[in-house]
Structures are given as C-alpha cells and as structure tokens.
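Engineer: So the chains spell out like this:
There are 2 protein chains.
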Amino acid sequence: MPSLAFIGLGIMGLPMAGHLLGAGHQLRVFTRTKAKADALLRRGARWCESPADAAREAEFVFVCVTDTPDVRDVLLGDAGVVKTVKRGAVVVDHSTISPAATREMAHELSLRGAHLLDAPVSGGQGGAQQATLAVMVGGDRDAFDRAEPLLRHVGKTITYCGPSGAGQLTKLVNQILVSVTNLAVSEALVFAKKNGLNLKTTIDAVAGGAAGSWQLANLGPKMVDGDLRPGFMIDLQQKDLRLVLQSAEQSQASMPAASLVHQLFTAAQAAGHGKDGTQALFTVLEKLAAIH
Amino acid sequence: MPSLAFIGLGIMGLPMAGHLLGAGHQLRVFTRTKAKADALLRRGARWCESPADAAREAEFVFVCVTDTPDVRDVLLGDAGVVKTVKRGAVVVDHSTISPAATREMAHELSLRGAHLLDAPVSGGQGGAQQATLAVMVGGDRDAFDRAEPLLRHVGKTITYCGPSGAGQLTKLVNQILVSVTNLAVSEALVFAKKNGLNLKTTIDAVAGGAAGSWQLANLGPKMVDGDLRPGFMIDLQQKDLRLVLQSAEQSQASMPAASLVHQLFTAAQAAGHGKDGTQALFTVLEKLAAIH
Numbered sequence: 041m042p043s044l045a046f047i048g049l050g051i052m053g054l055p056m057a058g059h060l061l062g063a064g065h066q067l068r069v070f071t072r073t074k075a076k077a078d079a080l081l082r083r084g085a086r087w088c089e090s091p092a093d094a095a096r097e098a099e100f101v102f103v104c105v106t107d108t109p110d111v112r113d114v115l116l117g118d119a120g121v122v123k124t125v126k127r128g129a130v131v132v133d134h135s136t137i138s139p140a141a142t143r144e145m146a147h148e149l150s151l152r153g154a155h156l157l158d159a160p161v162s163g164g165q166g167g168a169q170q171a172t173l174a175v176m177v178g179g180d181r182d183a184f185d186r187a188e189p190l191l192r193h194v195g196k197t198i199t200y201c202g203p204s205g206a207g208q209l210t211k212l213v214n215q216i217l218v219s220v221t222n223l224a225v226s227e228a229l230v231f232a233k234k235n236g237l238n239l240k241t242t243i244d245a246v247a248g249g250a251a252g253s254w255q256l257a258n259l260g261p262k263m264v265d266g267d268l269r270p271g272f273m274i275d276l277q278q279k280d281l282r283l284v285l286q287s288a289e290q291s292q293a294s295m296p297a298a299s300l301v302h303q304l305f306t307a308a309q310a311a312g313h314g315k316d317g318t319q320a321l322f323t324v325l326e327k328l329a330a331i332h
Numbered sequence: 041m042p043s044l045a046f047i048g049l050g051i052m053g054l055p056m057a058g059h060l061l062g063a064g065h066q067l068r069v070f071t072r073t074k075a076k077a078d079a080l081l082r083r084g085a086r087w088c089e090s091p092a093d094a095a096r097e098a099e100f101v102f103v104c105v106t107d108t109p110d111v112r113d114v115l116l117g118d119a120g121v122v123k124t125v126k127r128g129a130v131v132v133d134h135s136t137i138s139p140a141a142t143r144e145m146a147h148e149l150s151l152r153g154a155h156l157l158d159a160p161v162s163g164g165q166g167g168a169q170q171a172t173l174a175v176m177v178g179g180d181r182d183a184f185d186r187a188e189p190l191l192r193h194v195g196k197t198i199t200y201c202g203p204s205g206a207g208q209l210t211k212l213v214n215q216i217l218v219s220v221t222n223l224a225v226s227e228a229l230v231f232a233k234k235n236g237l238n239l240k241t242t243i244d245a246v247a248g249g250a251a252g253s254w255q256l257a258n259l260g261p262k263m264v265d266g267d268l269r270p271g272f273m274i275d276l277q278q279k280d281l282r283l284v285l286q287s288a289e290q291s292q293a294s295m296p297a298a299s300l301v302h303q304l305f306t307a308a309q310a311a312g313h314g315k316d317g318t319q320a321l322f323t324v325l326e327k328l329a330a331i332h
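So the sequence lines, in the order shown, correspond to chains E and A. Residue 41 in this note's numbering sits at position 1 of the first sequence, with consecutive numbering throughout. Residue 217 in this note's numbering sits at position 177 of the second sequence, with consecutive numbering throughout.
Don't read these hints as lab results, they were simulated from the structure. A hint or two may mislead.
Copies of one chain are not kept apart here, so a pair can be met inside one copy or by any two copies together.
[Said to hold, decoys possible] Cut-off 25 Å, straight-line C-alpha distance, at most; resulting in silico cross-link-like pairs (PhoX-like, lysine-lysine):
no., residue 1, residue 2
1, Lys315, Lys196
2, Lys196, Lys74
3, Lys262, Lys240
4, Lys234, Lys279
Produce the entire structure from the sequences given, and follow the hints as far as they go.
Structural biologist: Below is the structure:
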C-alpha cells in the first residue's frame, strides 16, 4: 500500500484523512494546530513538524487548507512540500483556490518530477464525514488514474475534468450555480412573505416542478424557520465568489448574477452574517425589503 | 355529474379540456379560433358562440387564456361569463395573470353569486398533455373543495394556497425560481465554456449535489446542444416577470435578481429569441461575453 501524507486537518480535512487512515494506509500528518491531529495520532498516524517533513517518503500528498496563499505556503514555502517531495509523487490539493495559481504551482512541482492534481470537493462537512463528497479533478490523466482509488475513500462522485486547473474551474461553476440558485430561493421567498403567502405551503406547491432545486429543498425550510446555522458559511462562499469573478474577468466572461449575489453577500457580511450559513441571504433580502 | 364549460383551447387549454371530456363530463366550449375545437367537438363537446353562451348552464367554468386583459374580456366583457353565470357556479381561471386584477374580478363575480378561483398551472405543454400539472389555487375554500375532484383530472399536485390571488402569487413565486435558477445555469455554463471545460462533463460533475436543479438537469443539456425549441417561451416568461415586478412593487418587495433576468430576457427578445425556449438565455449571455 502506498505511503500517504495529509496536510490541513480542518473541518473538511480531518474526516477525509480519517477515511484514508481507516482504509489501512500509513499516514503522515501536519496541520497548524497540533491538537487537531490528536485523534488521528491515537489511531496510528505519524506527526510531522512541517509540510516538507510530511511529504518526505509519501507517494501521495493530500492538502486541504483554505485559500490560495495557504496552498502556496504549504507547497512552495520555506518548509514546503516542494523541498522534499519524491520524484513521481502525486500531490492532491482538495482546497478551493485560484485556477491560474494552481497551474503555476503545478509547473513548479513538475520541475521536481512531482504531479499536482487540483481536486476541490463539494458536499460540505457532512459529505466529508460520510465520504460522499463530489471531487472535481484537474491535472495529468495518469496521475489521476493512480490517485483515483484513494479518492474513492473520501468521495462518491469522482470526475476527471481536464488539465491542471480544470478541477478548480469546475468547482467555480458549482459555486456560481449554488450561490445564484440560493439567490433565486431567497428572493422568491421574500416575495412570498411580503405578499402574505404561507411559506411552507408555497415551497411544497412548487418544489416538485421546474422551480425545484437542492437549494430550495434544503435551504428553503431553514429560511422559513430562521435557522441560520452554517451548512456552508457566507465568508467561505464570498472567498469562492471572489475566485469566480477573478477567473471570469481573466477569461472575459460576463457574470451579472454572480456579481450581484457577491454584492448581496457583502451586505450580509456587513450585517454580521459572515459566519452564518448561506441561507442568511434570505434574512438580508427581507431586511432590505423592510427598510422604509 | 356537473355540467362544465371550457373557454380557451390553446396549447394548454386544449389537452386540459380533453381530460375533462374524457372523464365523462358534458363540456361546452368556446375559443377565439373555432377550428381549434374540432377534435373536442367530434368527441361530443358542444360549441358555444361566446364565453357567455358557454357559461350558461355550467356549474364549473374553466378559463385558460394568456394575459390579464384576455381574462377580463372573457369574464367581464360584453359577451362575458358574468352575463350568464349561474348562482353558486365556480369559475376556475388557469391563466397566469395579475393577482390584484384577479381579486377585483373575483369581487365582480361574487356580486352575481359566483366564485372565482385563480388556479394557474405549471408543467408546460407536456404536463397538460399527461395531466401532471401543478395547480396552485386561490379563492374561497368551499369552492376549492368542490372543484378539486375536477382539478385532479388535469393535474398531479393540487395545492390550496389561500384567499383570492394566492394561487397567482404562488405561480409568480414559481416564476421567480424558474427564471433566476435558469440564469444561474446559463451563467455557470458560459463561465465553463469560456474557460474551456467540457460542458457535459461539468454538468455531470455538479448536478447531483448542492448545485443541482430541474433547470440544470433539463435545460443545461439543451444549452450545450444549442437546442432552442421552446418548452417554455421567452415571450411568455417575460409576461410573467412583468407580473412579478408589478406585484413586487405593490408589495414593496425588492427583486434585484428577477429584475436582472427580466432585463437579460429583454436582450434575448431584441436578438430575436422571443419565440425560443428560455434556455436561449445561455446563447444571449454567451454572445454578450463574445462582444469585443
């Protein structure tokens, strides 16, 4: 069995690393706050003092951190993966970051004979815990074929999307869909509420047809109940929308709706909803409608 | 069995009237172009020379025309239903029209002792043919209870939404969801295309998760294939969005996304796509992205 490393044990990374360990692999781990690794270390994972230390000896190096600068630091920093990575090793980055930066870092690693796969995930903390994530992968096809059996331990839908960056771009497509469909649901329910409709009856009447979506079925009832607990946090949605708008500008794609929802989420953050779930967009639109 | 009348035998009304006739009811029919009634007349429906003539003797009068002025003419015009409608009769309006105008017309009919139910449908021509429509009903609850067994001949999901106008308002909620979710799909696929992704692979990678919707699953592939044949026509979507924005203004609900999609559909109409399906929004956004 190949030797693995996992860097970044946050709410997503920790359960994903646990699945790989559970499948019987040797696992070297590093994360900024060592205490987060305790449970894995008790189960036999080996603590490492830096990304470079973790990558040493590993045939596959998994990374799951937050944003582009974090990945750059893990991969190319002074104690980064690039310092020790084995020739032929595959680095799998599960973070959602800039497609352009991904391509640059893939090039840097290739100079050391290693492959970088961009492999952002969707499905949230629940998907990570239940190993039902969707994994969208870009990079070298052979490297993907070698990594795929390992990805099946953490995800249900594993898609090879194309060359380096294609996984990140596909994740950004996902985020455009998620956020603009959320806006559709929020605005529709504000209209319903301002016009005196029973919101639960309204959702039931329309959810089964052409108006239906995951966002309506899952976030609609939370909006009605005022349940703002995060499935996916507005602060993270905003980070992803910044990546969308940046890539859109670079590719000369005009994104009026993604741009609008980004602005409305900025209003949500200003109103203190950054750490709430994306369904708080409803709350913000409702307040907007109530200003007079 | 109650005697029925059906007024308006267009692409929606004709199959709906056929289901009521097929269930064994006596059916009096009127529509502007008599030839459209031929098939029903051969099956035993009785031709009438005006809405007033059709409504005479009928316990339930169904109406399925296009816009608010059409319904007003059918119900309150010189040869309108109001001239002959029986006391206690139930008028069921399947058209999608102004909620405020619906309430006014319900009042006019109530002066003659008749009930108006607003009962707009969703599900398109296919839903009408297969009797799988969603029917959203507003008006007097007892009148709804009397009409419901008949509505079950034309629809699958029959929802009582509240007092007069509530069916129309629920349909407008449906149209906000349908049109803004369509915008989400169009914009996401333009982003994907401009960034060189394989569109079918992209849809497969994301459709099963939080990004999923009826619009993505059903219109996404048509966008990819350039199939602009109408399931629902942009000209009709625009009529409904005008009703949305009008009702939103009256109820002081702010609708930034519905407003945006209305403007983009206006661009689509200007580019000659008015009679195309709503998936032509993708084509328009793609052209927008290609202007330089």
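Engineer: Each hint needs a verdict: does it hold in this structure or not?
Structural biologist: Consistency of the hints with the structure:
Neither within a single protomer nor between protomers do Lys315 and Lys196 lie at most 25 Å apart by alpha-carbon distance, with minima of 28 Å and 41 Å respectively. In this assembly of identical chains, the alpha carbons of Lys196 and Lys74 never lie at most 25 Å apart, being 29 Å within a copy and 57 Å across copies at closest. In this assembly of identical chains, Lys262 and Lys240 lie within 25 Å of each other by CA distance solely inside one copy; the values are 11 Å within and 32 Å between copies. In this assembly of identical chains, the alpha carbons of Lys234 and Lys279 lie at most 25 Å apart only when taken from different copies (21 Å versus 31 Å within one copy).
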